[in-house]
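Trainee: Make a model of the complete structure from these sequences and hints.
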Amino acid sequence: MRLYNNYPIPSDRMGALYALGGIEDAYIIEFGPAGTTHFAIEGFMQIDASMHNNTYTTHIDETDITFGDESRLVNAIKEIDKNKSPKYIFILGSTITSIIGIDLLSITSLIQSEINAILIPVPNCDFESNYLKGYKDILSIISKKIVKPNLYKTNSFNILGLFINDYNYKSEIEEIKRLMKIYFDFELNSVFLADSDISSLENSGCASINIVLKSEALEAAKHLDLNNNQPFISVYPLGINKTELFLNSISKLINKEYDKDLFNKEKKAFIDASTDFKNLIKNKSNNVQLNLSNPEIKNHYKDFLSELGLKIDNSANSILHLGNDFSNKDNLPYFQISHPSYKKINRYPFTPYLGTRGALYLTQQLYNLI
Amino acid sequence: MNKINKAKKLNQIKSNKDILSLSHAQFPGPHCPLFGAIMTASYIEDMPVLIIGTEECTYYGKDFAVLRQEKKDKVFSAVLEQKDITFGCEEDLKAIIKNIIKKENPKALLVVTTCVVELVGEDVESILHSLSYEINIPLLIVKTEHFKCTSHIEGVERTFNELYKLMKQTSSIKNTVNILGYKYLDVEKTELVENLISKDIKINMCLPSKSTISQIESAANCALNIVVENTALGLAKKMEEAFNIPYVNFPSSLDICDISNAYNLIEKHLNIKFDNSLYKKSKKINNEINLLKKLCNNKSFVYGNTPFNVWDFTLLTEKLGMYPTILQVRNIKNSDFHKINSLIDKNINPFIVQTANIAPLRDSYKENAPDYYFGHESPMLLSRYNIKHIVLDEAMKNLGYERILITLNAIKEEKGMFSLMGQSSKKEKTTLAKSKIKNIPNMPNEIRQMLLNMPVIPEKMADKILSTDENNFDINNLMGGAHHASI
Chain A
29 MRLYNNYPIP
39 SDRMGALYAL
49 GGIEDAYIIE
59 FGPAGTTHFA
69 IEGFMQIDAS
79 MHNNTYTTHI
89 DETDITFGDE
99 SRLVNAIKEI
109 DKNKSPKYIF
119 ILGSTITSII
129 GIDLLSITSL
139 IQSEINAILI
149 PVPNCDFESN
159 YLKGYKDILS
169 IISKKIVKPN
179 LYKTNSFNIL
189 GLFINDYNYK
199 SEIEEIKRLM
209 KIYFDFELNS
219 VFLADSDISS
229 LENSGCASIN
239 IVLKSEALEA
249 AKHLDLNNNQ
259 PFISVYPLGI
269 NKTELFLNSI
279 SKLINKEYDK
289 DLFNKEKKAF
299 IDASTDFKNL
309 IKNKSNNVQL
319 NLSNPEIKNH
329 YKDFLSELGL
339 KIDNSANSIL
349 HLGNDFSNKD
359 NLPYFQISHP
369 SYKKINRYPF
379 TPYLGTRGAL
389 YLTQQLYNLI
Chain B
523 MNKINKAKKL
533 NQIKSNKDIL
543 SLSHAQFPGP
553 HCPLFGAIMT
563 ASYIEDMPVL
573 IIGTEECTYY
583 GKDFAVLRQE
593 KKDKVFSAVL
603 EQKDITFGCE
613 EDLKAIIKNI
623 IKKENPKALL
633 VVTTCVVELV
643 GEDVESILHS
653 LSYEINIPLL
663 IVKTEHFKCT
673 SHIEGVERTF
683 NELYKLMKQT
693 SSIKNTVNIL
703 GYKYLDVEKT
713 ELVENLISKD
723 IKINMCLPSK
733 STISQIESAA
743 NCALNIVVEN
753 TALGLAKKME
763 EAFNIPYVNF
773 PSSLDICDIS
783 NAYNLIEKHL
793 NIKFDNSLYK
803 KSKKINNEIN
813 LLKKLCNNKS
823 FVYGNTPFNV
833 WDFTLLTEKL
843 GMYPTILQVR
853 NIKNSDFHKI
863 NSLIDKNINP
873 FIVQTANIAP
883 LRDSYKENAP
893 DYYFGHESPM
903 LLSRYNIKHI
913 VLDEAMKNLG
923 YERILITLNA
933 IKEEKGMFSL
943 MGQSSKKEKT
953 TLAKSKIKNI
963 PNMPNEIRQM
973 LLNMPVIPEK
983 MADKILSTDE
993 NNFDINNLMG
1003 GAHHASI
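Chain order of the listed sequences is A and B. In terms of my numbering, the first sequence is residues 29 to 398. In terms of my numbering, the second sequence is residues 523 to 1009.
Just so you know, these hints were derived from the structure itself, not from any lab. Built from N, CA and C at the ideal position, the CB exists for glycine as well.
Short, incomplete list of chain A residues facing chain B, as computed with Cβ under 10 Å:
#1 Asn33
#2 Ser39
#3 Arg41
#4 Met42
#5 Ile69
#6 Gln74
#7 Ser99
#8 Asn103
#9 Lys106
#10 Ile128
#11 Asn158
#12 Phe354
#13 Pro368
#14 Tyr370
So the derived label-pair ranges between C-beta atoms look like this:
#15 Ser141/A / Lys528/B: 20 to 30 Å
#16 Asn890/B / Lys110/A: 13 to 23 Å
#17 Asp154/A / Gln591/B: 25 to 35 Å
#18 Asn307/A / Pro977/B: 55 to 65 Å
#19 Asp53/A / Arg970/B: 21 to 31 Å
#20 Asn144/A / Asn890/B: 25 to 35 Å
Straight-line alpha carbon distances no greater than 30 Å define the calculated DSSO-like cross-link-like pairs of lysine-lysine that follow:
#21 Lys760/B / Lys696/B
#22 Lys982/B / Lys372/A
#23 Lys594/B / Lys357/A
#24 Lys536/B / Lys759/B
#25 Lys372/A / Lys910/B
#26 Lys112/A / Lys528/B
#27 Lys326/A / Lys594/B
#28 Lys372/A / Lys732/B
#29 Lys339/A / Lys593/B
#30 Lys982/B / Lys371/A
#31 Lys115/A / Lys528/B
#32 Lys958/B / Lys372/A
#33 Lys106/A / Lys539/B
#34 Lys530/B / Lys112/A
#35 Lys732/B / Lys357/A
#36 Lys732/B / Lys371/A
#37 Lys270/A / Lys288/A
#38 Lys372/A / Lys594/B
#39 Lys530/B / Lys106/A
#40 Lys357/A / Lys629/B
Mentor: In C-alpha cells form, the structure reads like this:
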C-alpha cells in the first residue's frame, strides 16, 4: 500500500484510456462500476481533452459480481454494434472484473461471430503497473490490429508515443512536422495517439518511417518494422543536442542529407539565447525544481537544462519550477510542462518545447521568468 | 421516437423498477458514492480524508477535492497494490494512518473505502477499531462501493451520518441555528441566512461548506437545525433523538407554499417574526410566472441532470404552461407520489427514464426535439436541433423564494452552459457581437446558430467575439473555459 499526499500516479487502465482518448472515433465499452467511467470522462477535462462521447459503461452490481454474470457487457456490445456500426470496439474491464476473473478475451471471442465490429479486448489492470504500461498496451494493439500493412510507401512518417495527456502535444506535432518538411520534405501521416482517428491509423502503413518519442512505443515500432517494412528512429528531440541527433538519425535512416546551413542558423539562435540565459543566472542558484512522473522524459529535461547551465534540484532554493498547476508548492517562478491544468488551456499549436524552435522558445520563456 | 418508446410513461410508474435505462451501454453513467463522500467531507476545513482504493479512485477523488477546494484540500490516498488485495493491508494501513496523524496532528480523520476494498472483504472498520486503542482521535469511516448502490447520493448521506459521531452533548443556545446540507460557498448571501441574521439569529455551523471539526463537535450548541438538502435529513433526525434539537426541513422544492410553511415553522421555533417584505416575494414570483407564461405556454422540454427535485421542477414549469416530453429520474420515494399524482391530474404524462444516460436521448431528438432542455448537455448538440438550453446551477445556491425567482429568470434569459463562464453581457454588447457573428465567414453554422439563439451572450464570450479577427476565427479561443463545465 502506498501513501500519497499529492496525486497518485495514474494506473495502467488510466493510461489505456488516455491513449484511446487520442482516437476521435474509437468506441470504448467499460465493464465495471459506472462511477469510474463518469470520473474518467470528467478527468479528461483537466487535460483539456474530450472522450468524444464514444465511451460507454455497462455498470456492474452485486449480482453480476456474485455470479460472474457478463450479460451486461454482451448486451452493450451488441447494442453499440447495431446502433453505431463502429469498425472496432475496444473492451475495457475494471479493477472489479480483474479481481473476480472476468475473461474479456474469451467473452469477445465467443460473441465475435455475431458482431460486425472487430472486438478488441484491452489487457486487464494488474494493480502494479502505471499509465506507461497502458500506453504500451494500446500502441501495441493498434500496430498489430489496426494498421493495415502497405507495400506502397510515400515520403511520409508517423509519430509514435505522443498522447493527449502530454501537456504540449499539439505544438510538438507541429514542430516535428516542420522539421521533417523543411529538412527532408516528408509529410506527417499519423500520430499514435493524439488527434488521430481510426481511418488515419489504418492507413498509416504507407508511411516510410516511424519516429518513436517514448520507449513505450518501441514494441509497436519493432512490430511495424518487421511486418510492414517501416524502419524507425527513437529520439526525443528536446534541446539543441538531441534535435541534432534527431536530424542525423533521420538522415541516416532515409539516407538523405539535410541542409546543415539552415540547421546551424537555427542552432545559432538558440546558442545566443542560452548564452544570455547563462549570463542572467551567473550570480544566482542554478537549481531548478522539476515535477514529472515519467522518468524517461525527466532525463531528457535534465539534459536540456544542462544546455542552459541548470541542474535539477527539488529544494526550495531553486530559481524555477517546471511542473504543473498543482506541483509548485514553493511558489517559485513557474513554467508548465505537464498536466493537470485547472484553469488554463493550451491549444495554440505553435509554442513547441521540442525541436530547434522548442529549444529557443523554452529558453526565452525561462529567461523571462527569472 | 424510436428507443424512447421502450420507456414507461409517468402514469405507469409504480416503483423504482419502472424507471428504465434506455440502453445497456450508458453514457456517461451516474457518479459513484465516492464522489458524494469527497464532495461533502473535503469541505470540512481541517478534516484530513484518507481514500483507500486503486490509483483510479484515489486519483479522481483527489482531483475533485483539489478543484473544489482550490488546492487547500487535505485528501490523502492509500493506493492498493497486488499484495494488499491478496494478503490484506492491515499493517500498512495502520502505519499510514499513524503517519498522517503524526504529520497533520488532526482532531479527527475520515477514512473512505472504495469498491475494491469492499469487494475483497478487507474489514477496515475493525482495523480502525483496533487502532482506536493507540490513537486518541476519532477515526470515522464511510464506505463507498458503487456496486451496491445507484448514485453519489448515498455517499453524501453516509458522510453526514458518520459526522454525527463527532458531536458532543452540550446545552442548546437560544437564537442559534445550524444549516445542514448546504454545499456551496457564501451561505451568508442566501435569502434564508440573510433573513435569519437580520433577526439576530446566529449561525453555529453550516455543514459541510463552512465547517470545522470543532464546530461539528459543538453542533449541539444550537436551538434548531435547518435542513436545506434531503441528504442531511438523517443527521438532523439523529441529532433530534440524541440532543433533543428540533429541525425544520427547509425545502429544496420550488413550491411557494412549502417555502412559506418552512419560514413559518422557523419563526415558531425561534420565536421571531420575519419582515413582511420576505413574504411579499411570493407575490413577485406569481407576477413573474404570469409574465413568463406568454413566452413558455405550450412549450415542451426534456428534464436532464439538474440539482432540483424533478417533480417540484415539473410542477413549477406546469404553472408556466410548459409540458415535459421526457423526465430523467434517479429514483422515486413514497413521498413523491402525491406530486406525481398531481402532475397526472393535470394531464402531464411524459416518458420517465433513468438519469445519467443521455446517449439514447440524443438519438430521439432527430425525430422529436423539445423546445427546451434543462440541465447539463452539450450546447452544440442541442443547438443542432434548435433546442434551447437552460442550466439551473446558479439557482441551487440560493435558499428560499429567491431560488424560484432565479430559476424563472434563467428560463426568461435562456441561461445556458456558457452562463457558467460569468455574468451576461449588456444587451448592447450582445447586439454588437451578434452582428459581427453574421460576418465571420469560417464560423461553423451550428455555432453561429447557437450564438444567435442566445438572448444574452455571456460577457467574456462577447468580448472574445468582438476582439476576434473576422477572417481568422478560432473556435477553441471562443469556447475556452466552457469545456470544464460541459458534463
